[in-house]
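Enquirer: Chain by chain, the residues:
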Amino acid sequence: MLIWNRAKILYIKKINWHLCLIFAAISSQPILTSMTWKQVFSSSIGRKLTMGLTGIFLITFLIVHMGINACMWAAVYFKDDHGEMFNKAANFMGSMVVIRIIEFGLFFFIFLHIIQGYMLTVYNRSKRAVGYAVDYGSKGSKWYSRSMGLLGTLILLFLIIHWLHFWIPSRFTGVEEVEYNGVKMHNMFALMQTTFQQLWVVILYVLGCISLGYHLAHGFQSAFKTIGVHNKRYQTMLTGLGYAFAIVVPFVFAMMPITMYLGWVK
Amino acid sequence: MEHYNMSLHLKVWRQNNSRDKGHFENYKVDGISSEMSFLEMFDVLNERLITEGKEPIAFDHDCREGICGMCSMYINGKPHGPWKSNTVCQLHMRAYKDGDTIVVEPWRANAFPVIKDLMVDRSAFDRIVQAGGYISVNTGNAVDGNSLPIEKDKADASFAAAMCIGCGACVAACKNSSAMLFLSAKVAHLALLPQGEPERKKRVVSMVAQMDKEGFGACTNTGACEATCPKDISLSNIARLNQEYLIASLTADK
Amino acid sequence: MLDAKIPAGPLDDKWTDYKGHCKLVNPANKRKLEIIIVGTGLAGASAAASLGELGYKVKAFCFQDSPRRAHSIAAQGGINAAKNYQNDGDSVFRLFYDTIKGGDYRARESNVHRLAEVSANIIDQCVAQGVPFAREYGGMLSNRSFGGTQVQRTFYAAGQTGQQLLIGAYQALERQVALGNVKMYTRHEMLEVVMIDGKARGIIARNLVNGELEKHFGHAVLLCTGGYGNVFYLSTNAMGSNVTAAWKAHKQGAAFANPCFTQIHPTCIPVSGDHQSKLTLMSESLRNDGRIWVPKKQGDNRKATDIPEEERDYYLERRYPAFGNLVPRDVASRAAKERCDAGYGVGTSKQAVYLDFAAAIERYGKTEVGKLGKDNVSQEEVIELGKEVVKEKYGNLFDMYEKITGENPYEVAMRIYPAVHYTMGGLWVDYELQTTVPGLYCLGEANFSDHGANRLGASALMQGLADGYFVIPYTIGNYLADEIYSKAISTDHPGFAQAEKEVRDRINKLMSIKGKQTVESFHKRLGKIMWDKCGMARNEEGLTQAIAEIQALKKEFWSDVKIPGSINEMNPELDKAGRVADFIELGELMCKDALDRNESCGGHFREESQTPEGEAMRDDANYMYVSAWEFKGESDWELHKEPLLYDVVKPSQRNYK
Numbered sequence: 384m385l386i387w388n389r390a391k392i393l394y395i396k397k398i399n400w401h402l403c404l405i406f407a408a409i410s411s412q413p414i415l416t417s418m419t420w421k422q423v424f425s426s427s428i429g430r431k432l433t434m435g436l437t438g439i440f441l442i443t444f445l446i447v448h449m450g451i452n453a454c455m456w457a458a459v460y461f462k463d464d465h466g467e468m469f470n471k472a473a474n475f476m477g478s479m480v481v482i483r484i485i486e487f488g489l490f491f492f493i494f495l496h497i498i499q500g501y502m503l504t505v506y507n508r509s510k511r512a513v514g515y516a517v518d519y520g521s522k523g524s525k526w527y528s529r530s531m532g533l534l535g536t537l538i539l540l541f542l543i544i545h546w547l548h549f550w551i552p553s554r555f556t557g558v559e560e561v562e563y564n565g566v567k568m569h570n571m572f573a574l575m576q577t578t579f580q581q582l583w584v585v586i587l588y589v590l591g592c593i594s595l596g597y598h599l600a601h602g603f604q605s606a607f608k609t610i611g612v613h614n615k616r617y618q619t620m621l622t623g624l625g626y627a628f629a630i631v632v633p634f635v636f637a638m639m640p641i642t643m644y645l646g647w648v649k
Numbered sequence: 006m007e008h009y010n011m012s013l014h015l016k017v018w019r020q021n022n023s024r025d026k027g028h029f030e031n032y033k034v035d036g037i038s039s040e041m042s043f044l045e046m047f048d049v050l051n052e053r054l055i056t057e058g059k060e061p062i063a064f065d066h067d068c069r070e071g072i073c074g075m076c077s078m079y080i081n082g083k084p085h086g087p088w089k090s091n092t093v094c095q096l097h098m099r100a101y102k103d104g105d106t107i108v109v110e111p112w113r114a115n116a117f118p119v120i121k122d123l124m125v126d127r128s129a130f131d132r133i134v135q136a137g138g139y140i141s142v143n144t145g146n147a148v149d150g151n152s153l154p155i156e157k158d159k160a161d162a163s164f165a166a167a168m169c170i171g172c173g174a175c176v177a178a179c180k181n182s183s184a185m186l187f188l189s190a191k192v193a194h195l196a197l198l199p200q201g202e203p204e205r206k207k208r209v210v211s212m213v214a215q216m217d218k219e220g221f222g223a224c225t226n227t228g229a230c231e232a233t234c235p236k237d238i239s240l241s242n243i244a245r246l247n248q249e250y251l252i253a254s255l256t257a258d259k
Numbered sequence: 009m010l011d012a013k014i015p016a017g018p019l020d021d022k023w024t025d026y027k028g029h030c031k032l033v034n035p036a037n038k039r040k041l042e043i044i045i046v047g048t049g050l051a052g053a054s055a056a057a058s059l060g061e062l063g064y065k066v067k068a069f070c071f072q073d074s075p076r077r078a079h080s081i082a083a084q085g086g087i088n089a090a091k092n093y094q095n096d097g098d099s100v101f102r103l104f105y106d107t108i109k110g111g112d113y114r115a116r117e118s119n120v121h122r123l124a125e126v127s128a129n130i131i132d133q134c135v136a137q138g139v140p141f142a143r144e145y146g147g148m149l150s151n152r153s154f155g156g157t158q159v160q161r162t163f164y165a166a167g168q169t170g171q172q173l174l175i176g177a178y179q180a181l182e183r184q185v186a187l188g189n190v191k192m193y194t195r196h197e198m199l200e201v202v203m204i205d206g207k208a209r210g211i212i213a214r215n216l217v218n219g220e221l222e223k224h225f226g227h228a229v230l231l232c233t234g235g236y237g238n239v240f241y242l243s244t245n246a247m248g249s250n251v252t253a254a255w256k257a258h259k260q261g262a263a264f265a266n267p268c269f270t271q272i273h274p275t276c277i278p279v280s281g282d283h284q285s286k287l288t289l290m291s292e293s294l295r296n297d298g299r300i301w302v303p304k305k306q307g308d309n310r311k312a313t314d315i316p317e318e319e320r321d322y323y324l325e326r327r328y329p330a331f332g333n334l335v336p337r338d339v340a341s342r343a344a345k346e347r348c349d350a351g352y353g354v355g356t357s358k359q360a361v362y363l364d365f366a367a368a369i370e371r372y373g374k375t376e377v378g379k380l381g382k383d384n385v386s387q388e389e390v391i392e393l394g395k396e397v398v399k400e401k402y403g404n405l406f407d408m409y410e411k412i413t414g415e416n417p418y419e420v421a422m423r424i425y426p427a428v429h430y431t432m433g434g435l436w437v438d439y440e441l442q443t444t445v446p447g448l449y450c451l452g453e454a455n456f457s458d459h460g461a462n463r464l465g466a467s468a469l470m471q472g473l474a475d476g477y478f479v480i481p482y483t484i485g486n487y488l489a490d491e492i493y494s495k496a497i498s499t500d501h502p503g504f505a506q507a508e509k510e511v512r513d514r515i516n517k518l519m520s521i522k523g524k525q526t527v528e529s530f531h532k533r534l535g536k537i538m539w540d541k542c543g544m545a546r547n548e549e550g551l552t553q554a555i556a557e558i559q560a561l562k563k564e565f566w567s568d569v570k571i572p573g574s575i576n577e578m579n580p581e582l583d584k585a586g587r588v589a590d591f592i593e594l595g596e597l598m599c600k601d602a603l604d605r606n607e608s609c610g611g612h613f614r615e616e617s618q619t620p621e622g623e624a625m626r627d628d629a630n631y632m633y634v635s636a637w638e639f640k641g642e643s644d645w646e647l648h649k650e651p652l653l654y655d656v657v658k659p660s661q662r663n664y665k
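Residue numbers (the numbering used here), protein chains in the order written: chain V, 384 to 649; chain Y, 6 to 259; chain Z, 9 to 665.
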């Protein structure tokens, strides 16, 4: 703006008035003309966008994770499976280069989601220095949509325990091996069986899944709004899909420790 | 409709000026008719305070017919009080019964500093509009009004967004003090019309930047704003705003 | 004293000729010329935006927290324009003619014709700004009929046309603020016009947040401060609407024209009790379908639904068979008052009449049944279908009624009563919108110019925007072209100091009274005097009494008003006290003007001047003039008469029988 004004003054000295007026009318629009990526992602909408996009990525990850893990229930139907299908699937995921690379991406996005989430929570909270004496409460908004930070924290705590149980042993500290047709691989199935013998672990996992369910109940549809889905027809569809997803996926995950604990899967 | 009189306990935020810390003051008001409007109840109280030699409560109000957007009270935890699609000035006392306690606070947000008592400074909204909430057309430039046919549904949707009265209840209700519903209503109003097309991208980028600068929070789609909006501005406007912003940023030149 | 500066030549060419010959200001000089605009409603915001675009340095002031709050926002119905999009025979001439006739032949032909000429440009301008007017399925602008005209020329945006137009003007204004051409001062109230060498050269404004007085220079000052309906205490105006700016100008020498011409709107929600702070208008469009009635028996306390058809008096249909419920506003209002005064009023206050949709609901229901091709439908079903149709048409108004009264108008008849709505009078202006003070202009409702003695529906928005967008940018140039040699005057000039001192003294005086009665109580008492004696019907005796009562009230006010708080802080009671003090003085002038005008015309009904059937009787032989009052001193005014010459339209008595 300043530069323009200066330019205008120079111009005014040189050329005739009419030209100058037209020039001024075009040039002095106060509206921004460029935006860098930094501007985009540090803006309030950009921050949401980070949350939404990483959220959608994590949603797709959940589907894959759920699909692989569901292989454990093969043991219910095939008497001689004993976790073979699950172990093979897990091994496939763990040994493929492409997937290992994606895993880095996964961690990057998880941490981006967590860090941006906390930063956004702090950012948003800081916008009201003096609070209300009477809280707005649930008039028009759901408790879980106002508690994404809390739910996210619960999920993070669960995740840490979950990593300690499975990911760290499988990557670093080692897991008992099993051999199928001459191929050796981690017996993740056995690890699950031992882990889910303890009732407190099962309860913890179920609580983790419940947190995830509520987090998804808001997060799923919110993510799509954030990336700009505004047509009523898609919004209705995505909201329905979001609730279904938020119920089905955590339920399936929760059934894993439960069925193990109850001994339905051997 | 049966009329009745009531006595009420009021807990009202008092604050001398923006530098003052402020506190709640308790008042008891008697003989309030169910036919009064909420602001008329405040008039009665203020008349009494003046007669008693005390300072009346300062609050913003003007048209008292729900359209100017000046009135702004956060009543028992809800901007504009308990009724749906309503402003404080249209709230009537039959919403309450004898003996009720009513807590009245100003809009709370860093971007809306308190001026006095229940009055807040909403000039941030004007500055957001200054950042691009208009169509750059000078007087006298216009072509015939019918030279540009506009799809009825779009004109209606644009109007529905343009109904925003700029009261700031959305900010007051939002846990993040976000002005996104206000901003999105303006962006949607103009983006839905062909006249708004030429400046569409610049407008959204510039207005969002100004909103952030003013110190409003980011939207987390909780829907509290929509539920409290006196003009029923839809939350889907925010999704539209996000889309406009995304397109503008993805297609930016540099 | 009064030179209307009406251009010579045929009516059709006056404005074109004027534009072709008025003086222009070079763009370089525009930058050096400063203009002060007080008020940012439709007239003020549109003027500020347009003058800013032209390159003038503009300062705009409003007492609200944002220009978007001005009371223009509350206009519901629509805006007239002679577009003839409906091909129903509309033209500039017809709009001009309807406005002159509607105004009961008390407006200037030249001004009204110009208004009709620019009306079409307003619509174009607003569409270009993005005002979302109602549209047809083909994408074209939609029109409706309004206020009893025979053509469809009203453009609208649901029931919020004023809001949409004001937002359009507000956005244009904010754009100029962003470009640095306009500097906006919100929460500021103008308290004095600064006169230097016989010209308006600035204002003294009070910053309402901290109470400080500010001095602002301008080569010209534009007052766009709206109407003074709040002199009646209860009106459909906003709480803050006031006459102060216009009144200060009046006391500095600007003549006040036709102050007694006030419009009482027939369809407002009635007063519910002493606590009432303002009245709410229900759009005039309700009269298209609702039937107005009172019981035939005096003091009938039965519920509306319990009163059988034959015991109802549909008095408008009875008295005016040709127009029925659609008679003009002034006629409908007076008829309602007449019934209530005679003891036929309804509701607890007995100051209301019924506006009944039962017949319309049944009629629409039957039409719907016909459309659906059903037979053997029960009466309940018919009513249900009818309610749907009525909801579609008037849903938002019905909801508003229910919010305020707590009654469901789909089930029980609405109660309505007339209320003060608009003031046709205002500062006298010439063709260029300049008051009798050089350099002081007045636009919109604040001036007296275009509506004569009665304003037609959907014409107020048109006039405000015409003045701001399309008239003042030309006419002000004609004045400022001679001002290019006048350097900006420093606000240290003695003229500013003097004006500031007067304002300060007055505020100090108000604060030092420390009496016992609140400002509000004085305002209420003034309102009661005005409503009873200078309201819908006026007579010599009442007006004479009113003048004495107001003078006594003024004395009492200045010796017993109680204002809390202090001067150098936000003090809404002090603001109100200043406004009420001005209203009291204005009230006296209104009564004086009403007393002088011993004829009935438009909104002004003198009981002495009526036909044997009780209809208004105009007296063109004696009163075909604009009354312009010059302030001479306390309770002292001199009347100047501007004769009204009708070259094109031949005045006739209005007849709605």
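No lab work stands behind these hints: they were computed from the structure.
Small disclaimer: the values here were computed from a predicted structure and weren't measured.
There may be inaccurate statements among the hints.
Claimed, not checked - No more than 25 Å apart at the CA atoms, straight line, and that leaves these computed lysine-lysine pairs for BS3-like: (1) K411/Z - K522/V; (2) K311/Z - K411/Z; (3) K159/Y - K311/Z.
Enquirer: Compare the structure with each hint and give your call.
Expert: Here is how each hint holds up against the structure:
1. A C-alpha spacing of about 20 Å is found between K411/Z and K522/V, which places the hinted pair at or below 25 Å, so the restraint holds.
2. A hinted pair counts as satisfied when its Cα atoms are at most 25 Å apart, and K311/Z with K411/Z qualifies at roughly 20 Å.
3. Distance hint between K159/Y and K311/Z is unfulfilled; the C-alpha atoms sit about 45 Å from each other, more than 25 Å.
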